[in-house]
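Student: Below, each chain spelled out in residue letters.
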Amino acid sequence: MVRNRARHDPRTEPAAEALRLVKVTKSYGTAESTVTALDGVTLGLARGTFTAVMGPSGSGKSTLLQCAAGLERPDAGIVRVDGTELTGAGETELTRFRRGRVGFVFQQYNLLETLTVAQNTVLPLKLAGRRVDRRRATEILTAVGLGDRLGHLPDQLSGGQRQRVAIARALVAEPRVIFADEPTGALDTRSARDVLALLREAVRVHGRTVVMVTHDPVAASWADSVLFLADGRLAGRMDAPTADAVAERLAHLGDDAPVGV
Amino acid sequence: MLVLALRSVRQRPGRFLATLLSAFLGAAIVMAFNSLHDTAGAPGVDAVSSETLRTAAGVVGGYGTLLVFFAVASTLTVNVRQRAAELELLRCSGATPGQIRRMVVSEALAVALVGTAAAVLPAVLGGRLLVELFQDTGQVAASVDHSFGAVALSSGVGVTLVASAGAALLALRRVTRGRRRTVRRRSWLAWAALAAGAVAASSTFAFSATDEMLMAFPAQGAILLSVGFALLAPRLLSGVLGRLALGGASGWLAVRNLRRRAGELSGILMALILFTAVSTATLTMQAVESDEVAASGMVKSVDAKTLETLNYTVVGIIVAFVCVMLVNSLYAATTYRGREFGQQRLAGATPGQVLGVVGVEGLVLTVVGLLFGTLAALAGIVPFTVVRGDAVLPEQLAGVWAAVATVGAAATVGTSLFTARRVLRIPAVRAVGASA
Chain A
304 MVRNRARHDP
314 RTEPAAEALR
324 LVKVTKSYGT
334 AESTVTALDG
344 VTLGLARGTF
354 TAVMGPSGSG
364 KSTLLQCAAG
374 LERPDAGIVR
384 VDGTELTGAG
394 ETELTRFRRG
404 RVGFVFQQYN
414 LLETLTVAQN
424 TVLPLKLAGR
434 RVDRRRATEI
444 LTAVGLGDRL
454 GHLPDQLSGG
464 QRQRVAIARA
474 LVAEPRVIFA
484 DEPTGALDTR
494 SARDVLALLR
504 EAVRVHGRTV
514 VMVTHDPVAA
524 SWADSVLFLA
534 DGRLAGRMDA
544 PTADAVAERL
554 AHLGDDAPVG
564 V
Chain B
1421 MLVLALRSVR
1431 QRPGRFLATL
1441 LSAFLGAAIV
1451 MAFNSLHDTA
1461 GAPGVDAVSS
1471 ETLRTAAGVV
1481 GGYGTLLVFF
1491 AVASTLTVNV
1501 RQRAAELELL
1511 RCSGATPGQI
1521 RRMVVSEALA
1531 VALVGTAAAV
1541 LPAVLGGRLL
1551 VELFQDTGQV
1561 AASVDHSFGA
1571 VALSSGVGVT
1581 LVASAGAALL
1591 ALRRVTRGRR
1601 RTVRRRSWLA
1611 WAALAAGAVA
1621 ASSTFAFSAT
1631 DEMLMAFPAQ
1641 GAILLSVGFA
1651 LLAPRLLSGV
1661 LGRLALGGAS
1671 GWLAVRNLRR
1681 RAGELSGILM
1691 ALILFTAVST
1701 ATLTMQAVES
1711 DEVAASGMVK
1721 SVDAKTLETL
1731 NYTVVGIIVA
1741 FVCVMLVNSL
1751 YAATTYRGRE
1761 FGQQRLAGAT
1771 PGQVLGVVGV
1781 EGLVLTVVGL
1791 LFGTLAALAG
1801 IVPFTVVRGD
1811 AVLPEQLAGV
1821 WAAVATVGAA
1831 ATVGTSLFTA
1841 RRVLRIPAVR
1851 AVGASA
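Top line first, the protein sequences correspond to chains A and B. Residue numbering for the first sequence follows our numbering, beginning at 304 and increasing consecutively. Residue numbering for the second sequence follows our numbering, beginning at 1421 and increasing consecutively.
The following block holds chain A by itself, in its conformation from the complex (with noise of 0.2 Å):
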């Protein structure tokens, strides 16, 4: 069950907690070979923040993020998004909780191919069956930059271009909170500039919350906050990081982490 605190319509107010993860662990793998992705995590995040997860590979970013978006079912711990419980849902129902308040960016884009730039913007819209706003879709994309490819096919399109759509489908259902997958891992440092702009306005102008994985030092400067993850576990919070700081802690991260186990 989708657990709603005080039956949350995605219409009324968003809580003022965006993201509360506590003792989250997920591990994957046979019970020979068990690899420990999160290592109960507990933290939580205010709405109107842009916050970027940081770890070396491996370090349990991307499962922080499935388990935070319900793509992943938790081991053990608790997750909550918007204010409403998501532990325990079959995947239909999170599927609507998620298309009401959860946007998604990833680094590959994932838009279907079969669709042009307009259709796949209000793809999760016909999906929740709502209204279609076609003006609104097409501000959005011009908002966007992509005002003139509304009938271009995604492999028309170059790799900035794509995330720019994506973006676009991620804010035209006007989620509480946007995920980011590693947004700007398959780009060159112009488009990436462009995409972690549009994802800091979304916060900045229309008070979305973001969550960005990333590895790079220079997209995670563009977040209020840092949030640094080693072996499964918080290892640190950096507020108004310069790429220099978040490079040079990335690089110590491992130093006080045990040795041998």
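Watch out, some of these pointers could steer you wrong.
[To be verified] Here are a few chain A residues that face chain B, going by a calculated C-beta distance under 7 Å:
| id | residue |
| --- | --- |
| 1 | Q369 |
| 2 | L374 |
| 3 | E394 |
| 4 | T395 |
| 5 | T398 |
| 6 | R402 |
| 7 | F407 |
| 8 | N413 |
| 9 | L415 |
| 10 | T417 |
| 11 | L418 |
| 12 | L426 |
| 13 | P427 |
| 14 | K429 |
| 15 | L430 |
[Stated by the list, open to error] Rough simulated footprint, nothing fancy, chain A against chain B, three-plus residues with beta-carbon under 8 Å:
| id | stretch |
| --- | --- |
| 16 | 1464-1477 |
| 17 | 1533-1539 |
| 18 | 1679-1688 |
| 19 | 1756-1767 |
Hints in this document: simulated from the structure, not taken from any laboratory. Ideal placement from N, C-alpha and C gives every residue a C-beta, glycine not left out.
Assemble the complex: chain A is given as a structure, and chain B must be docked to it using the hints.
Tutor: Coordinates of chain B only, in the frame set by chain A:
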């Protein structure tokens, strides 16, 4: 390359299952019917029995070879397409096109040999059953013993191996070169088949009701027309889809998917059209013929009985093969879409909505396939019943058509939904990542 081929078959036998099944079915049918040649050639068989046996062997043997070729080609094309990445890797590691060709052909031959070997026993039993069938209806003397000999074995091995090698080459060519160049030749062939079919169907009117050849022309006409429609399948599908607007998110998405994938799906549509036309036309005309003969109180001649047995057998074989092809191509096509389904789910589609999309797609394909298959069948059936009886549409049509439509719809929609359900068990994020 041969070692590599055998390794690749041994490591992933599952992928070759459909090819193996087609080779096995084909070899079994070819050998069972060709063993009738062996039986007819045995000493002490009378002339009438011998002729019946040889006719049956000749007709179905020819059909069989063609079907083995198409079925193996269709399953191998799917197989080669799925392995595009692996073949590309081989190319990058320094394999010449010739080496890749040899590998794929060797794989096909290895699978065909296994299929043929497994088919020997069923073929012996099948051949015995055929002879008994002919004996029960009095077309072959009771004294004739079934024998399974050189003709059966050599034709079985020969046809299956040659068809498999040829099919493997065709599959490679299709996958590596794309289809653009063949479009013009294909549409020319399609119009030729349609024209020939129309001529054959209308020449039915030149015969009288009791001519023995009466059924041959409308039947050929229906088959040729269905081949023509099948070759035009991509265009027919786009034409229908251009006018189609379905409600609901699933319907909306299904129509858009089908429009973009019309070319890919034409193979499935082709199989459906052929299946519908051949089975509806043959079964209806045979039913009309049998009822007319029964009504007139005449006793059926040996030839007429042979024809009836053959008609039912041929339809049975075609149905079996087309079902294998249909199920295999749909299964492969749907499995391949795991990533796309994952993307739909991440965009906010519930598993139910994804299944809805797949279901609507299957339904549209079925309706279009049935529509054109039925048109082709009617083009043969109507002239036949007008000449043979007095009605325009025979009353037997409804029952036959209902059965054919049910089998076609069940195979198409059932396979798609079943496969999609399996694919949907993988979590969406992993489905998107796996083949990225």
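Student: Are the hints correct? Go through all of them and say.
Tutor: Here's how the hints hold up against the structure:
1. Q369: holds, 5 Å
2. L374: holds, 5 Å
3. E394: holds, 6 Å
4. T395: Interface hint status for A:T395: holds (4 Å vs cutoff 7 Å).
5. T398: holds, 4 Å
6. R402: Interface hint status for A:R402: holds (3 Å vs cutoff 7 Å).
7. F407: holds, 6 Å
8. N413: With a minimum Cβ separation of about 5 Å from chain B (threshold 7 Å), the hint on A:N413 holds.
9. L415: Holds: closest Cβ of chain B sits about 6 Å from A:L415, inside 7 Å.
10. T417: holds, 4 Å
11. L418: Holds: closest Cβ of chain B sits about 6 Å from A:L418, inside 7 Å.
12. L426: holds, 5 Å
13. P427: holds, 4 Å
14. K429: holds, 4 Å
15. L430: holds, 4 Å
16. 1464-1477: violated (count 0)
17. 1533-1539: violated (count 0)
18. 1679-1688: holds (count 3)
19. 1756-1767: Per the Cβ count (7), the hint holds.
Going down the numbered hints, you'll see the structure goes against 16 and 17, while the others check out.
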